[in-house]
Structure formats: structure tokens, C-alpha cells
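J.: This is what each chain is made of:
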Amino acid sequence: MIRLLQNIGSNTIDQIWRLGAGARLFGLTLISSAESIRRPRLVTKEVYATGVLSLVIISVSAFFVGMVLALQGYHTLQKYGSSEAIGVLVALALVRELGPVVTALLFAGRAGTAITAEIGLMKATEQLSAMEMMAVSPISRVVAPRFWAGVIALPLLAALFSMIGILGGYLVAVPLIGVDEGAFWSQMQANVDWQFDIVNGVIKSVVFGVACTMIALFEGYDAPPTAEGVSRATTRTVVTSSLAVLALDFALTSFMII
Amino acid sequence: MTQNIVEIDKLSFGYNRKLLHKGITMSFPRGKVVAIMGGSGTGKTTLLRLIGGQFKPKAGEVRVDGQVVHKQDREGMYQLRRKMGMLFQQGALFTDLSVFDNVAFPMRELTDLPETMIRDLVLMKLNAVGLRGAHDMMPTELSGGMARRVALARAIALDPDIILYDEPFAGLDPISMAVTCDLIRTLNDALGVTSIVVTHDVEETFSFADYIYFVADGVVAAEGTPDDLRNSTLPFVHQFVHGEKDGPVPFHYAAGDYKDQLLGPDA
Amino acid sequence: MERTTIDLWVGVFVALGVAALLGLAMKVGNLTTSSVGETYTVNAAFENIGGLKPRAPVKSAGVVVGRVERIRFDTETYEAIVSLNIDKRFSFPTDTFANIYTAGLLGEQYIGLEAGGEIEALAHGDKIAHTQDAVVLEKMISQFLYNKASEPAAPAAAAPAPAESTKTGDDALTTNPLDDILN
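From first to last, the protein sequence lines stand for chains A, B and C.
With numbering that gives the first Met the number 0 as the guide, the letters of the first sequence map in order to residues 0 to 257.
With numbering that gives the first Met the number 0 as the guide, the letters of the second sequence map in order to residues 0 to 266.
With numbering that gives the first Met the number 0 as the guide, the letters of the third sequence map in order to residues 0 to 182.
Keep in mind that the hints were calculated from the coordinates and are not lab data.
Among these hints, one or two may not hold up.
Claimed, not checked - So the derived label-pair ranges between C-beta atoms look like this:
no.	chain 1	residue 1	chain 2	residue 2	range
1	B	D227	A	I12	19 to 27 Å
2	A	L166	C	A122	43 to 51 Å
3	C	A102	A	L27	52 to 60 Å
4	A	A20	C	K58	51 to 59 Å
5	B	M123	A	A22	41 to 49 Å
6	B	P113	C	I5	17 to 25 Å
7	C	I80	A	E180	38 to 46 Å
8	B	A189	A	P224	32 to 40 Å
9	A	P39	B	D227	54 to 62 Å
10	A	I7	C	I80	51 to 59 Å
11	A	A20	B	R73	14 to 22 Å
12	C	E107	A	L166	24 to 32 Å
Stated by the list, open to error - Heads up, simulated DSBU-like pairs for lysine-lysine below, C-alpha to C-alpha not over 35 Å straight-line:
no.	chain 1	residue 1	chain 2	residue 2
13	A	K44	B	K17
14	C	K126	C	K52
15	B	K9	B	K55
16	C	K138	A	K44
17	C	K138	C	K52
18	B	K82	B	K258
19	B	K21	B	K31
20	A	K78	C	K52
21	B	K82	B	K21
22	C	K87	C	K52
23	A	K78	C	K147
24	C	K126	C	K138
25	C	K58	C	K126
26	B	K9	B	K21
27	A	K78	C	K26
28	B	K55	B	K17
29	B	K82	B	K17
30	B	K70	B	K82
31	A	K78	C	K58
32	B	K70	B	K55
33	C	K87	A	K78
Given the structure is predicted, the values throughout are model-derived calculations rather than measurements.
Beta carbons: idealized from backbone N, C-alpha and C, even for Gly.
Looking at chain A on its own, in the form it has when it is part of the complex (with noise of 0.2 Å):
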């Protein structure tokens, strides 16, 4: 009994520890950004294996979330008699939720392993070391230009998704279901506003992009410099950022609707 609460204590410090020095790491980022806008090829380099790697995997995955919307959706609202709202059904779930949401998982997935397993290993390899032995900051060279990437490439890939989910939804609704290609379009403009549905979805992905990138770089950055370090902490970046995205969500959303 006592050892149970022992460990909860000694846990709880600990992810309170972590918190304080994610913070501190973001912290040292956002000052040392200078370097990554003085030369965006850093940058360019990272939204390459953040962002267009993740191209293929956030284009398949949109276009089948599309069409599962669009057939769902459209049982749904034919019991009603409107199955020309399903444009605005899908559209509005795609802008609102599931661009943002799903493009963060999967790019939590994607990116942000990746993210997490190189910089543990430069770590473990004494790469970050070195850098800091040749006088060149590893958070300007090396942690910066990744989260800026992040930063840019996840509000653009979240973009995508919602498009090409819509192309897959209409896809499914009007050339196979048979909904009128004018009502499926001109309901979907009526009701889908550019401030309060697309402007938030964007605000949403950008935030997640911080989350998502910032929590890949501390857990690769505090990895052990051990092959079972770097591996728990890969795993521990899909759990964190998964759950940072879904309570941010709920955050940002009670936010947006209010």
C-alpha cells in the first residue's frame, strides 16, 4: 500500500518535472528560431520529411474517412428526407473535427516517431554533443527548424485532408448515391462559414501542430541515450501527443462554440 503510493507520488513529480523541462525546451526554441529564419533551407529540409512524406498516408486515409462520412451520413439523414444535407455533413465534420483531429494522429504517427527516434538517436550517438563541442547551438541547428516544419506543415496537411475527404464524400454521394450534384454543393456553401468553421479548423491544426512537434522533440531530446530509451520514448510520443490532441480539442472546441 505504502510502495502504491510511493510510486504514484514519485510518478506524479516526475511528469511534473517533464512538463516543467517540455516547457523550458519550448521556451529555449522559441528564442532560438533566429537561425531558422536567417536560413529557411533548414527549414525546407524538415517540411520535406515532415510534411511531403506524410503526403501519401494523409491523402488515402482522407479520401476513404470521405467516403465512409458520405455513406454513413447519407442513411442517416435519407430517413429524414434530407440527403441533399449531406454535403454540409460532410464538409462541416471534415473543416471542424476530423481534418484537424485525424491529421494530428496521423501525423503524431508519421512525423512525430520520427522526429523522436532521430533526435534520440543523434543524442545517443553523442551527434548533439559534438554540435554543442563545435560551439553551434543543437536547439537552433537541429530542434528549431523541426518545429517550425511542424508548425507549417501540419495546417497545411489538415487543408488537404478536408479536401480531399470532401472530394472523396462527393464522390461517393453524387456520382454513386445519386444526390444532386447542385444541392450537395450549394448546401454545403450555405451553411459551412469561412471565420467560424475553416478559420477555427485552421487555428485547431496549427495549435496541434505545436503540440504534435514540440512533444516528438522533448521526448527525443530527453530520451536515454540507450536503443531502450529512445524506444519507449517513441512510444511515448504517439501516446502524449494522441492525447494532447483529443483534450486540446475538446479545449479549443468549447472555446470556438461559446
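We have chain A already, so just place chains B and C on it with the hints.
T.: For chains B and C alone, kept in the frame of chain A given last:
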């Protein structure tokens, strides 16, 4: 200008509560090759990191070129580190960059040299370690010895005053070992730098070092030129130099009574 | 500056992402018509707003001219005060009617403006004097049933009443289905 480029003065350092170094004093004269020897886990590598300013000492100080390392601010620290080149145990090459880009890395990051000049300098440095022909290979394609030499080329990229070697011989075959020994000595004499070598390979070290410090139990146990030490009668030095299993450095890590532990109630 | 294939791919990626955002804005969000231009605010008091929500459209002759900004309850008159943001491009006379309509039988509710004949136009902060409340379905049905019950002698007289209009052809189709049930 002082005679000694690096001075370690009554330095104490430890992780958590356990002290690793208990008042170490060493000095490293300009232009010499000085080796720090000792068993595994005696904090030799940590000593190099203290010189590089990656750790803060608990007491005492390290002076590089007359300046106290741990009292520098970020900018001052980076100024000091530009005078040093460090060779890490496994080379620590940047795995996402080619051999050429690895050696060019410090030049591109820290200087405004034009790309054509960087190209010439990199090829010169690679030539000095005999690997000019490997310039477009990736670090994963190199053998351990080659990686170590590329890392050495990178360490001397900006013509440092001090080169720190962390276990340069660990895991090398005899030929690579001989090549590395030779390189350390030649680079030292050709570039006029000071070399600090952390190692536990007795034979090799005795063949090229000018002066040797033995570290044991957190203090300097013995020091002197290779000849002095070879003839030393100190039991510890004798054990180390001749590689005997038991002696002042015990085979067993400190533990409770063997019989008690085997037969006791906790077992 | 030398160009690499990575730059090309990143360029393609960024272009695709921006195109998707623009696509969302134009094709899905219809940014072109729901202008974010300048607006002026007028208030209207209703006794019952039904299911009207903030951000509901304000239409005139079926064209969206603005949005409901906020709805609050006035404790002195016990009325709902609805603030409307109307696009600066459209001006309405001071005797404009504001009605709450429902789009379709169960659709969302919106405010319809019907222009009056005054020369003076509504300005920022003005109050619309003529309003008509939302039609609440339950209220309508109960009223209808009550009326039916109060005149039991002539149940058939109510039905032909709309037929007096000139559009005879259409009326045959649009006869109130409730009549059949009640008869």
C-alpha cells in the same frame, strides 16, 4: 601567455551525491600530447566534458587559455569552444550528412567562408587523415576506423588550439590503431596544437604521449613521462601498466560479506 | 543558391496545401458571397424568436444581406432584443418590417426584412419598429384545432375559402392536408 593552455585546479565533480572527482589538479602545456589514463568508470570522459564546459564543477575550476570555463556566459563559452576540437568515442558523425558535409559543417556554421574555399579546406583536412577519396560517402558506409578519422578531420576543421580525444582507440583493429596513434602525433606536431588524450590502452599511449596522468578513485594517482611510469614502483601503476587482474584496484566491486548474502534471510 | 529536388517537393507541397485552403474558402466556405465587409448594426425586438440563433442569416427578398450578431433578453419589456449586422452596401428605410421565418418545414430560422416606403434610411444603432414573431409550430396547430372546435357548425366552409383566389389550378394541389384528417 601562460605556459599551460589548460589547467585543472582542485576540481571536484560528481553525479547526484556521489563524487567522481575529488580534487584533481592537472596542467597541459602548449604543444604537448598529454594522456589521461585510468580504469573504466573513473570519470576520464567526464573530465574532457568539464574542459569543454558541458558540465559545471562542484568545486575547483578548469582554466582554458587563462579563462575559467564554468564562469563564462553562453557567448564566452562558445568562444572558448572554438579553440577546441573534440573527437568523440564513436566519432559522432552526423549521419544525415556526407563525409564532405560533415567536415564542412563547422566551417559553414561558424564562418562566412565562400563555398569554393570551404571545398578546398575540406579536401585538405580529409587529405591530412588520408580519406580524401571517401569525401562523397555517407557515414554509415564507413568502417569504425575511417569514421574516427573523418571525425578527426572535422575536429581540426577550424584549426583549433586544443584537440580532445575521447578513447580514440576503443574498438579499433591493430592497423587502424597504429594509424590513429601516428595521426595524433603527426597532427600535434604539424599543427602545433595541444592534444589531450583520454584512453586506457597502455602500449599505444606510452608510445606517443609526452606526459601521462593516472586517475584512480577520483584523484591523480600518478603522473610522469612514459619512461618514469614504466619504471614506477607504485603498486597501482604497476598493476595498470602490466595489466594484472588483482592488486590495489580490486577485482570485486565493494560488496557486503559473500557468505552472509548467500545464506542470509534476504536471499 | 543551388536548387535541390527537396526544394521542388516542398514547393509542390506548400502549393497544394495553399490550394486546398483556397479551395475550402471558395468552393466550400463560399467566402466570395459571405462578405467580411463593413457592416452596421440595428436592433429589433421580438416577443418570441422561436429557434433563432446567433449567426443566422438576415435576408431580404431571399438575398443574404447580413447576420444576427447577438440575442439578449430585455427584463423591462420581457422581449428578445436581436442585434443584426447588415452589410453597409444595403440600406433599408426606417419603416422596414423584420419577420422571423423558417426555411422549409423544419429548417433553420432566419430574419426576413421587407422594405417600407420611408425615404429616411436605418442608421447604425437604430431600432426596427415593425416586427413579426416566429411561428411556433405547436402554437399554430393548437390554435388551428381551437378554431376548428369553436365553429363546429360549418367545418366545410373553411376549406373552400382559399379557392376564392385566382390561381385555381395550384390550389387543388396545395389544399391543406390537415383538413382531410380533421374532416
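J.: Looking back at the hints listed earlier, which ones does the structure fail to meet?
T.: 1, 13, 16, 18 and 33
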